[in-house]
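**Q** Sequence:
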Amino acid sequence: MKNRPRSGRARRWPPPPWLPGLLLAVSALFQPWLEQSMARHMGIELPLLFILGWLAARAGGARLSRMAAPWNMAGVPALLFAMLALSLWMVPAALDYAVLDPAVAVLKVASIVLAGSMAGLSWKLAGITIQAFFLLNWFWMTFVIGLLYRDAPQQLCSVYLVDEQADAGRAMMAWALLGLALWAPSVLREIRRWDRDGSA
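Mapped onto numbering that gives the first Met the number 0, the consecutive letters of the sequence shown carry residue numbers 0 to 199.
Hints were generated in silico from the structure; no laboratory data involved.
Please note: incorrect hints may appear among the correct ones.
[Claimed, not checked] Derived CB-CB ranges, DEER-like:
| # | residue 1 | residue 2 | range |
| --- | --- | --- | --- |
| 1 | Phe29 | Pro69 | 33 to 39 Å |
| 2 | Ala183 | Leu28 | 31 to 37 Å |
| 3 | Leu63 | Leu83 | 16 to 22 Å |
| 4 | Trp70 | Leu147 | 32 to 38 Å |
| 5 | Ala102 | Leu187 | 32 to 38 Å |
| 6 | Ser157 | Arg188 | 43 to 49 Å |
Ideal placement from N, C-alpha and C gives every residue a C-beta, glycine not left out.
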């Protein structure tokens, strides 16, 4: 019997369908605690909502990708929506409204989860060049706004104190660096593939 050739890259299995729902339930359960602190709000809750949206798209698999194919050319429309949604909730006034107004809080959760779903649905489809455009723009936006939050002498959010916004800024900078680090291996693999194709 011949052994089947093994791919050099491990096969990635989709997450179980119940995992996004579990994460959403955990987020809802701990929402009051998460939003008591600006650092937890921006450094834990918002990333958690984005991640569960990403996992939901992965759990949807190829069927979800086929449904989005007619309008999501090269992943650009969905990634553009994700970028706009993420940038909205970096605005201090938007955070204030999300804490003070239940309707805005629901909009925040829905838009961030949808942003994660759109990004998860489109990331592989986009290819390395389009990925670079969106991820590097997100990196600089998040890192620079994190710097501003960290160093701003005045209180930017009416519901959070100055020392809390400094901690939130550090969390944003950390997430920006982590996102770039997680993407870097894909870039290196693509560069090696280009080198192999060029030398063939």
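**Q** Now look at each hint and say whether the structure bears it out.
**A** Here is how each hint holds up against the structure:
1. Phe29 to Pro69: 33 to 39 Å: Between Phe29 and Pro69, where Cβ atoms are some 38 Å apart, the hint holds.
2. Ala183 to Leu28: 31 to 37 Å: holds (34 Å)
3. Leu63 to Leu83: 16 to 22 Å: holds (21 Å)
4. Trp70 to Leu147: 32 to 38 Å: holds (35 Å)
5. Ala102 to Leu187: 32 to 38 Å: violated (45 Å)
6. Ser157 to Arg188: 43 to 49 Å: The hint (43 to 49 Å, Cβ to Cβ) holds, given that Ser157 and Arg188 are roughly 46 Å apart.
Violated hint: 5 only; the structure is consistent with all others.
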